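Each chain is listed here by its residues.
2 protein chains.
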Amino acid sequence: MKWDLHQAIEGCLRHGIGGIAPWRDQLEAAGLDSVARHLRDAGLRVTGLCRGGMFPVGSKAAWQKVIDDNRRAVDEAVALQADCLVLVTGGLPEGSRDLPGARSQVRDGIATLLEYARPAAMPLAIEPLHPMYAADRACINTMAQANDLCDELGDGVGIAVDVYHVWWDPTLEREIARAGRERILAFHLCDWLVPTTHLLLDRGMMGDGVIDIPLIRSWIERAGYAGFYEVEIMSRDNWWARPPDEVLAVIKERMATAV
Amino acid sequence: MKWDLHQAIEGCLRHGIGGIAPWRDQLEAAGLDSVARHLRDAGLRVTGLCRGGMFPVGSKAAWQKVIDDNRRAVDEAVALQADCLVLVTGGLPEGSRDLPGARSQVRDGIATLLEYARPAAMPLAIEPLHPMYAADRACINTMAQANDLCDELGDGVGIAVDVYHVWWDPTLEREIARAGRERILAFHLCDWLVPTTHLLLDRGMMGDGVIDIPLIRSWIERAGYAGFYEVEIMSRDNWWARPPDEVLAVIKERMATAV
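Sequences listed follow chains Z and H, in order.
Be aware that the first sequence starts at 794, since it is given in the working numbering, and climbs by one per residue.
Be aware that the second sequence starts at 794, since it is given in the working numbering, and climbs by one per residue.
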């Protein structure tokens, strides 16, 4: 995106988009207080703050730093009156091959953060990421894992479902039903392109790829989800290179025809 | 690889490697009869023929063509006295978003092929591929799916386990144990690089990535697997660009230190 967060808020208003999920780097660049004020004045719903997480680390000192940063993320989410704080859990620590260990750290990290997030009434949304990110972004890679974590950790934690990450999963329908209305805190849309030329930055616009979005949407709605549909298209060479107003117009059109 | 199949056979002999799993395009280029003779003279074990599969199609005519081609693959595997025919199941047909439908076609395709492979005593090895290939290469993406297929289809079908495709799977240990000695027909090695720069052609040499190969090997051995360890490193810009003799020497060394 070529817009800063303030311009994005204005863009949403111009295109009749009722909610937004800011990223923290954009938030920091634009300033928390002024963004919070702008959002309130605009009457825009903050569907989530992206993102906390990144729990697995290699040392005790690093651990405390991660927890502190996650608490700040909770504070920011509260300041924005966000519906949830989205957690990208983190992958393997530098130099590590211990995937079970990383997954334990994620569980411990969320458990620790919950002690801070629950009194603040800020729900945490675990976002399972596609298995191709298991090493470097998130070692929680399926809805089943996220559901298991929710079972274990209790109140205050749910799931952000992104079709890009979970569309391939043969247990998806079952695990969405298992998650149910209470746990599904966000629903993210984009599409999987064939071919995909970059692991991170080649996502597609809804309708341009192979994901049966209406099918997954039907499962999400059957589970009782009645929240926003969030569009997140990391696309360096295509959508990010276009004028943002054009992108929002296409999104609006595709929401009607491809979702 | 810069070698043709005959040169690869000689390379294996030179480096004290006791088995090989040819790809069919290489086999066709070198000639089935002369390769079969060469392999017999060399005393090389054929651990598998790569590959049959690619079942999901968009029309009845295409279906018959796929089945016919898979039967030829069985014939070739028999001619080479291969231990199994590896199946890369195929993804979505051109223009389709019907993933459950593709998975049904895979089941039907293997069931049909089994009628031909069983009398020929040629085991079929389903290779679950990483979820990032669900659209264009294989819609069977987990060991659990492969085990379910084996449960359904009965004798004559097993699984090829490739660490690259399954290392991220939180159910891997359980599903390897479930597969057991009877079903595990092949064990493929390479490594997952961080960062990975290409979805297909940027695999790593064992030890250069983040997969805990000794751990997965321990699960495979505990399941009773006593077959070959096959190294398959699709690496256009690194290992494929080096002299093949150098690559084989590194493989030998890494088999001792990183597996």
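If you are wondering where the hints come from, they were derived from the structure by calculation, not from laboratory data.
In this text the structure is predicted, and so the values were computed from the model without any measurement.
Glycine included, each C-beta is placed from N, C-alpha and C at the ideal position.
Possibly wrong hints are sitting among the right ones.
Simulated restraints on C-beta separations [said to hold, decoys possible]:
1) T990/Z with P1036/H: 25 to 33 Å
2) K858/Z with D948/H: 39 to 47 Å
3) G812/Z with D948/H: 51 to 59 Å
4) A1051/H with S897/Z: 38 to 46 Å
5) A1051/H with R833/Z: 50 to 58 Å
6) E1046/Z with T990/H: 32 to 40 Å
7) M1048/Z with Q857/H: 51 to 59 Å
8) T905/H with E1025/Z: 52 to 60 Å
9) E821/H with G811/Z: 54 to 62 Å
10) R900/H with S897/Z: 30 to 38 Å
11) Q800/H with R1035/Z: 43 to 51 Å
12) T990/Z with V987/H: 12 to 20 Å
On the chain Z side, residues computed to face chain H include the following (Cβ under 10 Å) [what the hints assert, rightly or not]:
13) V839
14) M925
15) Y926
16) W960
17) P963
18) V987
19) L993
20) D1030
Evaluated hints:
no.: 1; hint: T990/Z with P1036/H: 25 to 33 Å; verdict: holds, 29 Å
no.: 2; hint: K858/Z with D948/H: 39 to 47 Å; verdict: violated, 56 Å
no.: 3; hint: G812/Z with D948/H: 51 to 59 Å; verdict: holds, 55 Å
no.: 4; hint: A1051/H with S897/Z: 38 to 46 Å; verdict: violated, 24 Å
no.: 5; hint: A1051/H with R833/Z: 50 to 58 Å; verdict: holds, 56 Å
no.: 6; hint: E1046/Z with T990/H: 32 to 40 Å; verdict: holds, 33 Å
no.: 7; hint: M1048/Z with Q857/H: 51 to 59 Å; verdict: violated, 41 Å
no.: 8; hint: T905/H with E1025/Z: 52 to 60 Å; verdict: violated, 41 Å
no.: 9; hint: E821/H with G811/Z: 54 to 62 Å; verdict: holds, 58 Å
no.: 10; hint: R900/H with S897/Z: 30 to 38 Å; verdict: holds, 36 Å
no.: 11; hint: Q800/H with R1035/Z: 43 to 51 Å; verdict: holds, 49 Å
no.: 12; hint: T990/Z with V987/H: 12 to 20 Å; verdict: holds, 19 Å
no.: 13; hint: V839; verdict: violated, 31 Å
no.: 14; hint: M925; verdict: holds, 5 Å
no.: 15; hint: Y926; verdict: holds, 9 Å
no.: 16; hint: W960; verdict: holds, 8 Å
no.: 17; hint: P963; verdict: holds, 5 Å
no.: 18; hint: V987; verdict: holds, 5 Å
no.: 19; hint: L993; verdict: holds, 9 Å
no.: 20; hint: D1030; verdict: violated, 15 Å
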